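**Student:** One letter stands for each residue in the lines below.
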Amino acid sequence: MRQKAHELLSSGAVGAVLAWEKGELPYDTSPAVFRDAEALDKMVYNGFCGSNLSKYLIEQGKQDEKVLVFLKPCDTYSLNQLLSENRVAREKLHIIGIGCKGKLDVEKLRTQGIKGITGIEENETLKIQTLYGDHELPREDVLLEKCLSCKGKDHKVYDELIGEDLSADTEQGDKYAKVAELEGQTPAERFAFWRGELSKCIRCNACRNTCPSCTCLKCVFDNAHSGVAAKVNATEFEENMFHIIRAFHVAGRCSDCGECSRVCPQGIPIHLLNRKFIKDISGFYGEFQAGETAELNSPLLCYDLEDAEPNIISKREGDN
Amino acid sequence: MLVCWCGSNIAGTVDINTVVEASKREPGVVYATDYQYMCAEGGQAMVRRAIEEHSLTGIVVSACSPRMHETTFRKAAAAAGLNPYMVEIANIREHCSWVHKDKEVGTEKAVVLMRAAIAKLNLNTPLFPGESGVIKRALVIGGGIAGIQTALDIADAGYEVDIVEKSPTIGGTMAQLDKTFPTLDCAACILTPKMVDAAQHDKITLYTYSEVDEVSGFVGNFSVKIRQKARCINSKLCNGCGDCIEKCPAKKAKSEFDEGLANRKAIYVPFAQAVPNVPVIDQTQCLKFKTGKCGLCEKVCLPKAINFEQQDEIIEKEYGVIIAATGFRPLSPERYGEYGYGQLPDVITSLEFERLMNAAGPTGGALLRRSNGEKPKSIVFIQCVGSRAEPDKGKSYCSKICCMYTAKHAMLVRDKYPNIDVSVFYIDVRTPGKNFDEFYRRAVEQYGVNYIKGMVGKIAEEDGRLRVQGSDLIEDTQIFVDADLVVLATAVEAQASARPLGTMLTASMDQNNFFSESHAKLRPVESPTAGIFLSGVCQGPKDIPETVAQAGAAAVKALGILSKDKLIGNPCIAGPDELLCNGCASCEKVCPYGAITYADKEINDHGHRTTRHVAEINEAICQGCGACTVTCPSGAMDLKGFTNRQIMAEVDAICR
Ligand SMILES: Cc1cc2nc3c(=O)[nH]c(=O)nc-3n(C[C@H](O)[C@H](O)[C@H](O)COP(=O)(O)OP(=O)(O)OC[C@H]3O[C@@H](n4cnc5c(N)ncnc54)[C@H](O)[C@@H]3O)c2cc1C
Ligand code: SF4
Ligand code: SF4
Ligand code: SF4
Ligand code: SF4
Chain S
1 MRQKAHELLS
11 SGAVGAVLAW
21 EKGELPYDTS
31 PAVFRDAEAL
41 DKMVYNGFCG
51 SNLSKYLIEQ
61 GKQDEKVLVF
71 LKPCDTYSLN
81 QLLSENRVAR
91 EKLHIIGIGC
101 KGKLDVEKLR
111 TQGIKGITGI
121 EENETLKIQT
131 LYGDHELPRE
141 DVLLEKCLSC
151 KGKDHKVYDE
161 LIGEDLSADT
171 EQGDKYAKVA
181 ELEGQTPAER
191 FAFWRGELSK
201 CIRCNACRNT
211 CPSCTCLKCV
221 FDNAHSGVAA
231 KVNATEFEEN
241 MFHIIRAFHV
251 AGRCSDCGEC
261 SRVCPQGIPI
271 HLLNRKFIKD
281 ISGFYGEFQA
291 GETAELNSPL
301 LCYDLEDAEP
311 NIISKREGDN
Chain X
1001 MLVCWCGSNI
1011 AGTVDINTVV
1021 EASKREPGVV
1031 YATDYQYMCA
1041 EGGQAMVRRA
1051 IEEHSLTGIV
1061 VSACSPRMHE
1071 TTFRKAAAAA
1081 GLNPYMVEIA
1091 NIREHCSWVH
1101 KDKEVGTEKA
1111 VVLMRAAIAK
1121 LNLNTPLFPG
1131 ESGVIKRALV
1141 IGGGIAGIQT
1151 ALDIADAGYE
1161 VDIVEKSPTI
1171 GGTMAQLDKT
1181 FPTLDCAACI
1191 LTPKMVDAAQ
1201 HDKITLYTYS
1211 EVDEVSGFVG
1221 NFSVKIRQKA
1231 RCINSKLCNG
1241 CGDCIEKCPA
1251 KKAKSEFDEG
1261 LANRKAIYVP
1271 FAQAVPNVPV
1281 IDQTQCLKFK
1291 TGKCGLCEKV
1301 CLPKAINFEQ
1311 QDEIIEKEYG
1321 VIIAATGFRP
1331 LSPERYGEYG
1341 YGQLPDVITS
1351 LEFERLMNAA
1361 GPTGGALLRR
1371 SNGEKPKSIV
1381 FIQCVGSRAE
1391 PDKGKSYCSK
1401 ICCMYTAKHA
1411 MLVRDKYPNI
1421 DVSVFYIDVR
1431 TPGKNFDEFY
1441 RRAVEQYGVN
1451 YIKGMVGKIA
1461 EEDGRLRVQG
1471 SDLIEDTQIF
1481 VDADLVVLAT
1491 AVEAQASARP
1501 LGTMLTASMD
1511 QNNFFSESHA
1521 KLRPVESPTA
1531 GIFLSGVCQG
1541 PKDIPETVAQ
1551 AGAAAVKALG
1561 ILSKDKLIGN
1571 PCIAGPDELL
1581 CNGCASCEKV
1591 CPYGAITYAD
1601 KEINDHGHRT
1611 TRHVAEINEA
1621 ICQGCGACTV
1631 TCPSGAMDLK
1641 GFTNRQIMAE
1651 VDAICR
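Those sequence lines, one after another, are chains S and X. Counting in this note's numbering, the first sequence runs from 1 upward without gaps. Counting in this note's numbering, the second sequence runs from 1001 upward without gaps.
A hint or two may mislead.
What the hints assert, rightly or not - These stretches of chain X come out as covered by chain S in the derived footprint (C-beta under 8 Å, 3 or more residues):
#, region
1, 1575–1587
2, 1625–1635
3, 1640–1648
To be verified - Here are the simulated BS3-like cross-link-like pairs (lysine-lysine), alpha carbons at most 30 Å apart as the crow flies:
#, chain 1, residue 1, chain 2, residue 2
4, S, Lys218, X, Lys1601
5, S, Lys218, X, Lys1317
6, X, Lys1589, S, Lys62
7, X, Lys1589, S, Lys92
8, S, Lys276, X, Lys1589
These are calculated hints, taken from the structure and not from any lab test. All values derive from a computational prediction rather than experimental measurement. Don't be surprised by glycine CBs; every beta carbon is placed ideally from N, CA and C.
The shape of chain X in the complex, shown without the other chains (with noise of 0.2 Å):
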């Protein structure tokens, strides 16, 4: 028995004396003892010295929790000829002097947790990983730039990469932007070389309109089916020459690309510089789906690229490693009636702003009110909407990067338009990031931005104009603004798309829908899931620099796995007691992994024999989650390093 102190972290709360004196009565218990910082080198030396001299045949270190330190332990028990297997790990920091101020009792859990593991580790055996190969490719799915840069880094490693892109675009939101905080470099100009590298580098493959249907397998070895979407083109006969899209009559669906603000045809290009260049029929709006007629596109397309019959395409392929790039949507502020959003045309996002900005949008550049076609004289942004809200109002988060793009946004109108005034309503103005302050105080300084410190209660219609109530908190009096345009600053909000993606990846997710990182601190960028990596907003919102070192980030650790040819697996893994199974394949329906099969046997049962129909596990796929043991009634299920009889021993000494 090792207990640890953590310095003042676990000595501060429990008392560390009563529980190595506890753990001396305790059935097994040959040595007991203490030390300040069990993982500093001087710490392990001293579990390598308990081994040797007492000859252990087990160790139970009393410490933090096992997801920090356990992989530490085991080394250092393997180090002095100790299965590693045979240590167990009794979390009192976290679940004591963490959770507890009163010592008395954080000493008393203390005692509990350590007799659990005590009564667990009594029946340990050694265990022994097997191996298992990995696949030299990775899928990444999503394909903005946090995808494109994960794929692109991966790729120049030397590793082959494919995009999925449920789009028929790669490019993400960053395309849709005009110029980009804190540089004010053009979106478009830093954004387009990268997807043109990305689809014309040997080692990527990207599958755009795509979705992935199935996930299966674990780390080194997933199986993927991506449903390629029926564009009803021909990728490789088109020629991009556009002739189609210019002749198709049905023009009135909403651009997706324009946020709605401009429409485009049924056969259509999301916008000029998209990657692939090959169009897309919308086969809800193309009048030869909709009435049967029609098919002009199909008459002037010389290279016979357009195929109304093509169907939707499954393809299977397999991976060592998935990366997760699904990016965010700016939420609707529909919902917050007090704005008027959806009613008053000249209430928009700010993503529909950087469309009426973009030299490629809708308007060609010009700031127009969308009420009229004039250009306003006063704009009003508004910032935090749904964002660091209450629960039901909203997102209880801070969605980080619409303080600045804000700021971004007040600039550019004043920089293009100095007689148009701008008012900023804030409740902080939050820059924490290299030249975000200096770029923000610019936009008060130099370029005369109006900031108010408060929130909008009401905006309505008066004259042609919009009347903006708030209140004025440095002031503290309710204000009114005249306003042409008022642009909110909407919060980032996770796909629709990812917790169903989450799932079927064995992923977990937060409250939130963004997907969970392994270690908020030390493991950023990974799943808690093997094998699967983070990048970009779908992890968490941010802006463009911190998407691309995140991105860099995920693919260093997804070339880690890729770089090796073997990887050691978990030997806690399940198998079956063939005479208690009863062959209901219960276990094989539950297992994720598709690691049980069923086989008729003959049974010796006491000299009894019988063909039984009974379950068998393989144990290369097997990766010990659990299921099946907690799903098998009878028990014949059992998980190695965990089995039904250690744990049950370890509820026994929690309740003695």
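Next comes chain S alone, as it looks inside the complex (with noise of 0.2 Å):
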């Protein structure tokens, strides 16, 4: 990768490089733009690289310039979703396809016990280097949510792909599952459950900040005239507003690339909101997925003659 970049920024093809910056701890990474090829030493790619870097682009490809970015399989999505939507320009992109054997998670990592780590060696097993000691542990035991239910190896855009083995081989989760058993819960333990949740909320902005669906040149909660926005800062109720009003913008749009549960420092788990609106428009329109082209092809923007009819399938949950 630090080759490929190095080439393509010496040679002047591509104005700047978005890949991964290492930090001070091992498991340290951060979204980097590189404009200099004596800068790439820093740049790295491992575990832990599981920030998207797509929604950056937007940023990026307002520049005079071609920008290259490595994208794992599951970013693509978003980038997909972005050019649907003319938030990035194809053109000024050079997309190098890289492989993902699943990201981990370093809370999961902290949750086994692991901490003051100093070193880690990533094969089939991690082997963890800490202050107190080595550990040795599966990788699929601390994988992001995200990866666990991986949409497989296939990047959906790109220019080239590289490295040998490009396959990502977590488990096939059932994404659903949590979705299916809050369906099953009466509305006054889903309320609950709810409150509990965004309840802790803290308004980072975090979520919003990262999800490559939330793209707007003015979200509307930073308008002061759009009447929202005021709205979710006045009640501790009204703050939940905030995420179900979110979840409202990014329907149809989220490729459910998990990134809002992985950044809020709350631990809430946010892509539940978007993955029942996934499941949900899947089950009444087919199966979709959000980026599975360039196309701005979402079932809520399109109609068709066999479309559900909302007056016969808005039986709601609970009245059964």
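Each of the two chains sits in its own frame; use the hints to bring them together as a complex.
**Tutor:** What follows is the structure, given as structure tokens:
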């Protein structure tokens, strides 16, 4: 990856490289823009590069130059969604598809009691050196939530693919299991569940800011004239509305990249709201995956003579 | 604030004085009063006087539904020099007095709705409508008696009309009937001249064997794609001689026109008087299509009209109005195991019975049993098959025509074959039409038809006859009637294609897939969608006289638009805030009228200049449906007269 980046930067084929950069600690990585070939030794790609780089292309794509970006298979869905909404111009991108074996969740390591990490060796099993001794554990045990329902190894949009083993070999879990569990609850139980979760929110906006579907030039929650912004700050309950409104805004556009829940400092499973929409949309209108192609084809934006009639399908849960 | 009593309609359940007094405490209200009938001339005069005397900049009328009188009060406001869009209606009749019994509850809700209307009005701005032209041509979808009549009436008034009919001929169900109640004249004798009139009228164009594929546009300016299915015949060359049909060796297809009681060839004309008299090749039956061999028809056709290569053709045309006249189908009684339809050959439907009695039908008009070709000695008719049923058993409604046509069938049998015993099982006999009850009584009194009040539980075959087990509710006993033929009066059901067509036309449908009228009493032939009209059974079950009357009414309503040069538009249209637009194109996708396009524009965002891809509205095309405004995530798209802020203000006022 470094070699490719070096080549393209030095030849002037691209003006910037969007990738991940090493942090201070071994599990610390962050998205970064490299403009200088010399700085590329800071670039890194490992099990902790879970963050999705697609959204950064909105800002990067505004320059008068081409950008090289590295995308994991799942990140390409988000990029397609951005392309479909004219948020990024395809011709400004050079996309290199890279493989992924499932990304790791440092929180899960911590809950296993692993602290003071000084080094990590990634293989089938993870060898972790810490200040207090070494650990060994299977990769599957500490995968990110989003990797448990991996969309597969195919890149949906790219200019070239590199790396020998491109396969993502994480297990395909039932991504709707938790949604189905919530659906099975009574409305009162479900309300209590969401009140409990959403009340933890500190409105840091990390979920919205990282969301590759939340790309409005001016978000309604930042717009004093929208009539919505002030309301969601007014009372403790209306604060919860932020999440409900956001879920509606990204319905049919959310590719289920899982970034919202990954970045939430409060550990709120926000992705479940979006998955509920994904499940319903797929149920009503046929299997749909946002970002499968770069076409603007969400069932919520199209109509078809075979479409389910709202008055026929809208039996409320809890009615039965 | 003008509060209407609607006589005792509102005043009975809403305390008018409370509403008036409460309104005086709302921001912006400078004058509040009430009147018994605000829509009457006296009330309207009061509205005008109030505006003038108090220099009002807006009014709220708390009265009935805006669908009832919004236009009335807008006109009154305009007459007093107020912009008509500075009028808001609070519906305190349908939403309060009609749904609440408790006066306290009704009053409380009326106050809340009144407050919401004031909150909205405070954000209203004067609006000015534009104009659009009218394409002077009508489209009629469905060529049954309803479609034919509507088309003839419009054409006679001097406007062009196209009929799109999905089957190879116009005529619809009426063409299949034998005699018609209440006068017993022959259906063909009164229908076929009208079919010919339609075909020969210089203002009418027939597209038979055709369907509507796509509809876009709006009242005055619809664009329609018509799919003319491949007949495999060049209609211009065909002279209707029928030599091709004579020679065709594939004769196993079931005749649709004879309800499957007779066979037809692969190349066929549905019936002798079909219009147009041009055959169709049924590609699923034709040997040339199935095996590649044959082509006999092509060989015998002198004018060389046969063309196996013919493809479906898409015709694109524009219309000012569209009339739905897609009629119905009788419900298939196969699902009712108790009658044995489909298993017992002597159990038939009423429409099949019409074909058996018809001189041009499969038996040449001789009433014969399907099982052995013998004359029946006893016939049982069963009414309400699938009608007036529990929701999971059939249609909840009365099909309206079956009582009458069953009386007709019974009478025709007794008239032609006085030796045949005829019994009719019924729930009630419903005959509310001119000369209808007299007609039914003739069947009972003069023709000796045995009417049994009760339903049939089972039909079983016994010794080559049918044993009909039913209840006699008047005698309160179980009875058995032996019959040689049983005729089921099956429910009228909407066409399967009606709902998808309704979706295409953005016309609303009722729960039974009949087209909904705009107002059950006052606008019975208009769809709520402007420019779409309803003719015949597609709107609900009815007989021929009623169908023809409605067909004429639909024509008059359609002519009301066709005769205008300009239509006043709706100023409540959408527009984007370019500073907020992301250029995502979602709104373009959802707009059902194609009113939205995109342009690269230089945007000055507080001194920061950039070129952005932003949405643009074609104001002449936008119909103000609001689909785009709810799709736009950033709230850039807004609808005049119903802005996001106005709606939020209403919600706030309600929740206050
Ligand atoms: C057994 C029976 C006996 C009856 N006897 C009498 C009687 O004696 N007296 C009486 O007054 N009434 C009688 N009726 C009622 C009468 O048949 C109807 O009132 C009449 O046919 C209604 O006409 P219509 O044009 O609305 O519908 P239809 O006759 O059903 O015509 C509709 C036409 O639209 C076409 N169509 C449907 N969908 C589409 C589409 N998507 N695109 C294009 N074309 C389409 C159909 O092919 C058809 O040609 C009887 C009905 C039945 C079933
Ligand atoms: S929350 Fe809604 S308005 Fe805000 S950025 Fe996301 S989609 Fe846009
Ligand atoms: S990231 Fe978590 S805490 Fe922050 S706004 Fe989103 S849900 Fe709330
Ligand atoms: S939906 Fe909104 S943001 Fe998207 S193009 Fe339309 S007006 Fe612009
Ligand atoms: S309101 Fe919006 S969606 Fe509706 S017609 Fe106008 S532009 Fe189209």
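**Student:** Would you mind marking each hint as holding or not holding in the structure?
**Tutor:** Results of checking the hints against the structure:
no. : hint                   : verdict
1   : 1575–1587              : holds (count 8)
2   : 1625–1635              : holds (count 4)
3   : 1640–1648              : holds (count 3)
4   : Lys218/S <-> Lys1601/X : holds, 18 Å
5   : Lys218/S <-> Lys1317/X : violated, 43 Å
6   : Lys1589/X <-> Lys62/S  : holds, 25 Å
7   : Lys1589/X <-> Lys92/S  : holds, 25 Å
8   : Lys276/S <-> Lys1589/X : holds, 24 Å
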